[in-house]
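Protein chains: 2
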Amino acid sequence: MQILGVDPGIGRTGWGSIKIQSSHFTSHNFGCIETVKDLSIEVRLERIYQGILAIINTEKPDVLAIEELFFNTNAKTAMVVGQARGVILLAAAQKQLPVTVYTPLQVKIAVTGYGRAEKRQVGQMIKTILHLETIPKPDDTTDALAIAVTHAFSYKMK
Amino acid sequence: MQILGVDPGIGRTGWGSIKIQSSHFTSHNFGCIETVKDLSIEVRLERIYQGILAIINTEKPDVLAIEELFFNTNAKTAMVVGQARGVILLAAAQKQLPVTVYTPLQVKIAVTGYGRAEKRQVGQMIKTILHLETIPKPDDTTDALAIAVTHAFSYKMK
Numbered sequence: 000m001q002i003l004g005v006d007p008g009i010g011r012t013g014w015g016s017i018k019i020q021s022s023h024f025t026s027h028n029f030g031c032i033e034t035v036k037d038l039s040i041e042v043r044l045e046r047i048y049q050g051i052l053a054i055i056n057t058e059k060p061d062v063l064a065i066e067e068l069f070f071n072t073n074a075k076t077a078m079v080v081g082q083a084r085g086v087i088l089l090a091a092a093q094k095q096l097p098v099t100v101y102t103p104l105q106v107k108i109a110v111t112g113y114g115r116a117e118k119r120q121v122g123q124m125i126k127t128i129l130h131l132e133t134i135p136k137p138d139d140t141t142d143a144l145a146i147a148v149t150h151a152f153s154y155k156m157k
Numbered sequence: 000m001q002i003l004g005v006d007p008g009i010g011r012t013g014w015g016s017i018k019i020q021s022s023h024f025t026s027h028n029f030g031c032i033e034t035v036k037d038l039s040i041e042v043r044l045e046r047i048y049q050g051i052l053a054i055i056n057t058e059k060p061d062v063l064a065i066e067e068l069f070f071n072t073n074a075k076t077a078m079v080v081g082q083a084r085g086v087i088l089l090a091a092a093q094k095q096l097p098v099t100v101y102t103p104l105q106v107k108i109a110v111t112g113y114g115r116a117e118k119r120q121v122g123q124m125i126k127t128i129l130h131l132e133t134i135p136k137p138d139d140t141t142d143a144l145a146i147a148v149t150h151a152f153s154y155k156m157k
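Protein chains in written order, with numbering that gives the first Met the number 0: chain Z, 0 to 157; chain L, 0 to 157.
Bound conformation, chain Z alone (with noise of 0.2 Å):
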């Protein structure tokens, strides 16, 4: 089982791969999307499209798990975001992949057992769960694993 966990973003596009074997998370590998400003909004949107799509060719997960709408944000932040999420789950619907959801709430308990965990304690437990050296950077690409690996711990329940 291979888990592509994303953080949609304009300027930076998280993600993160996961592979669940026995009972054994492995990060299969991670990195960051990122786009500059000066690019248009519709080019930018096209490289965050196309990085998914090779990440999606190169991984072969057999899920996206991504953040569910959010609500505590403004209207022009979650716009902005909204758009980077719709390219990315287009790319998921022509990989065939299924999609998953998970709130922000669901993905600090799963990864650290505190709803109201911070950033600095997400990143801590992705480390130590997932064997890493160090600290994913930046914070978009350890969000991405933290979806990850929340979808891991909810299949392994199931």
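If you're looking for bench data, these hints aren't it; they were derived computationally from the structure. Among the clues, some could well be false.
Intra- or inter-copy, both count: the list cannot distinguish identical chains.
20 Å max Cα-Cα, derived DMTMM-like pairs, lysine to aspartate or glutamate [unchecked claim]:
# : residue 1 : residue 2
1 : Lys136    : Glu45
2 : Lys118    : Asp138
3 : Lys75     : Asp37
4 : Lys118    : Glu67
5 : Lys36     : Glu117
6 : Lys75     : Glu132
Could you slot chain L onto chain Z? The hints should help.
For chain L alone, coordinates are given in the frame of chain Z:
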């Protein structure tokens, strides 16, 4: 000069294609891409994306006109609309179609001369400007034509 106006939405994405010849505008074609609620979000986005690609292929516009990110809404709506807007902008980028944006205020002023115009007034003016027999339905289609007309006026002024 052929202008494609688009009013993005997950359930209904209105579109309208306008032709400018000398000082005359004609509506070339218009309609609405509808997706039903019982499909997954990613499949709905795929239908919108394929729909817009097909319209670009058929209508061969020189420019795509779309509303600016709007801020007077809640974050949930903004995120949902953002996803649809994302796949439409992606289609434009892939077809190397320039994108131009207008605020709802610019659209109302361009079409009716009045920034607080109601939907009905916008619809009446669109019917008159484009020599249509009736106001196009649903509202999303009229809104898409209104965005295209706004770009047509702005283009004529230049």
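Status of the hints after comparison with the structure:
1. Lys136 with Glu45: Close neither inside one copy (23 Å) nor across copies (31 Å); limit 20 Å.
2. Lys118 with Asp138: For Lys118 and Asp138, the Cα distance is within 20 Å only inside one copy (8 Å; across copies 44 Å).
3. Lys75 with Asp37: Answer is within: at 19 Å inside a copy they meet the 20 Å cutoff, but 27 Å across does not.
4. Lys118 with Glu67: For Lys118 and Glu67, the Cα distance is within 20 Å only inside one copy (18 Å; across copies 33 Å).
5. Lys36 with Glu117: neither (28 Å within a copy, 36 Å between copies)
6. Lys75 with Glu132: neither (37 Å within a copy, 38 Å between copies)
Of the hints listed earlier, those the structure fails to meet are numbers 1, 5, 6, in rising order.
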